[in-house]
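K.L.:
Here's the letter readout for the chains.
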Amino acid sequence: EAQVTQNPRYLITVTGKKLTVTCSQNMNHEYMSWYRQDPGLGLRQIYYSMNVEVTDKGDVPEGYKVSRKEKRNFPLILESPSPNQTSLYFCASSARQGGHEQFFGPGTRLTVL
Amino acid sequence: AQSVTQLDSQVPVFEEAPVELRCNYSSSVSVYLFWYVQYPNQGLQLLLKYLSGSTLVKGINGFEAEFNKSQTSFHLRKPSVHISDTAEYFCAVSAASEGQLTFGSGTQLTVLP
Chain G
631 EAQVTQNPRY
641 LITVTGKKLT
651 VTCSQNMNHE
661 YMSWYRQDPG
671 LGLRQIYYSM
681 NVEVTDKGDV
691 PEGYKVSRKE
701 KRNFPLILES
711 PSPNQTSLYF
721 CASSARQGGH
731 EQFFGPGTRL
741 TVL
Chain F
6 AQSVTQLDSQ
16 VPVFEEAPVE
26 LRCNYSSSVS
36 VYLFWYVQYP
46 NQGLQLLLKY
56 LSGSTLVKGI
66 NGFEAEFNKS
76 QTSFHLRKPS
86 VHISDTAEYF
96 CAVSAASEGQ
106 LTFGSGTQLT
116 VLP
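Protein chains in written order, with my numbering: chain G, 631 to 743; chain F, 6 to 118.
Hints were generated in silico from the structure; no laboratory data involved. The model shown is predicted, which means the values in this text are computed figures rather than measured ones. Take these hints with a grain of salt, some might be off.
[To be verified] Pairs of lysine to any residue, SDA-like flavour, derived with a Cα cap of 20 Å:
| # | chain 1 | residue 1 | chain 2 | residue 2 |
| --- | --- | --- | --- | --- |
| 1 | F | Lys54 | G | Ala725 |
| 2 | F | Lys54 | G | His730 |
| 3 | G | Lys687 | F | Ala6 |
| 4 | F | Lys54 | G | Glu731 |
| 5 | G | Lys687 | F | Ala101 |
| 6 | G | Lys687 | F | Gln105 |
| 7 | F | Lys74 | G | Gly729 |
| 8 | G | Lys687 | G | Ile707 |
| 9 | G | Lys687 | F | Lys74 |
| 10 | G | Lys695 | F | Gln105 |
| 11 | F | Lys54 | G | Gly728 |
| 12 | F | Lys54 | G | Arg726 |
| 13 | G | Lys687 | F | Ala100 |
| 14 | G | Lys687 | F | Ser8 |
[What the hints assert, rightly or not] Computed beta-carbon distance windows for the label pairs:
| # | chain 1 | residue 1 | chain 2 | residue 2 | range |
| --- | --- | --- | --- | --- | --- |
| 15 | G | Pro713 | F | Ala101 | 33 to 41 Å |
| 16 | F | Ser35 | G | Asp668 | 23 to 31 Å |
| 17 | F | Gln50 | G | Asn681 | 20 to 28 Å |
| 18 | F | Tyr44 | G | Gly670 | 12 to 20 Å |
| 19 | F | Pro84 | G | Asn681 | 37 to 45 Å |
| 20 | F | Ser35 | G | Leu641 | 16 to 24 Å |
| 21 | G | Lys647 | F | Leu61 | 48 to 56 Å |
| 22 | G | Pro669 | F | Leu61 | 31 to 39 Å |
The beta carbon of each residue, even a glycine, is placed where N, CA and C say it ideally should be.
Based on the sequences and whatever the hints tell you, model everything.
P.N.:
Below, the structure written as structure tokens:
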């Protein structure tokens, strides 16, 4: 089954404790992206990657890191999480940039205390 | 850069009534336009998209949208809604030459019995 998977689905952590949210897709997509969803703000793009070893900042990259060492994986790293990073996070992938449909993962709900 | 405005944050409507969810965008370049739907506790899935050609676009579940370049709008419509259409709907835009997808703040559609 074609899908985007994220782990963990739920995470509660404390300020400053490094964490990684994994994202994997099995569709051989070139393009991958991370978003955060907050009430009243819709989805805002954190980082995106147009291919292996190519990443770029989205609208809200501060406090986040990403890497794209393999085509299928695009982990999101929070080196020192803070309470304002409490949010619902989505990973997405598409065949290419531009007009292609983005396929979304199920989401990761992160709470930083 | 592009921006998207969804004019209504909440739209309540009775079952079998028609509905229109409004979306306006701003961009200085050619764009692609999308509508995504998010059912409770799920990721987003594509309803429809406009890339070029006919300005009336048909999507899944009986939804359609019309691209109006002069009014920079991409309103979503359905002639008769069902309870199962209750969800949050997001309009999104990307520049034809870029990888970044910009979302609106979302419209919660609630279908009442």
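K.L.:
Look at each hint and say if it fits the structure.
P.N.:
Here's how the hints hold up against the structure:
{"no.": "1", "hint": "F/Lys54 with G/Ala725", "result": "holds, 15 Å"}
{"no.": "2", "hint": "F/Lys54 with G/His730", "result": "holds, 9 Å"}
{"no.": "3", "hint": "G/Lys687 with F/Ala6", "result": "holds, 14 Å"}
{"no.": "4", "hint": "F/Lys54 with G/Glu731", "result": "holds, 8 Å"}
{"no.": "5", "hint": "G/Lys687 with F/Ala101", "result": "holds, 18 Å"}
{"no.": "6", "hint": "G/Lys687 with F/Gln105", "result": "holds, 9 Å"}
{"no.": "7", "hint": "F/Lys74 with G/Gly729", "result": "holds, 17 Å"}
{"no.": "8", "hint": "G/Lys687 with G/Ile707", "result": "holds, 14 Å"}
{"no.": "9", "hint": "G/Lys687 with F/Lys74", "result": "violated, 29 Å"}
{"no.": "10", "hint": "G/Lys695 with F/Gln105", "result": "holds, 17 Å"}
{"no.": "11", "hint": "F/Lys54 with G/Gly728", "result": "holds, 11 Å"}
{"no.": "12", "hint": "F/Lys54 with G/Arg726", "result": "holds, 15 Å"}
{"no.": "13", "hint": "G/Lys687 with F/Ala100", "result": "holds, 16 Å"}
{"no.": "14", "hint": "G/Lys687 with F/Ser8", "result": "holds, 17 Å"}
{"no.": "15", "hint": "G/Pro713 with F/Ala101: 33 to 41 Å", "result": "holds, 38 Å"}
{"no.": "16", "hint": "F/Ser35 with G/Asp668: 23 to 31 Å", "result": "holds, 29 Å"}
{"no.": "17", "hint": "F/Gln50 with G/Asn681: 20 to 28 Å", "result": "holds, 24 Å"}
{"no.": "18", "hint": "F/Tyr44 with G/Gly670: 12 to 20 Å", "result": "holds, 19 Å"}
{"no.": "19", "hint": "F/Pro84 with G/Asn681: 37 to 45 Å", "result": "holds, 42 Å"}
{"no.": "20", "hint": "F/Ser35 with G/Leu641: 16 to 24 Å", "result": "violated, 40 Å"}
{"no.": "21", "hint": "G/Lys647 with F/Leu61: 48 to 56 Å", "result": "holds, 51 Å"}
{"no.": "22", "hint": "G/Pro669 with F/Leu61: 31 to 39 Å", "result": "holds, 32 Å"}
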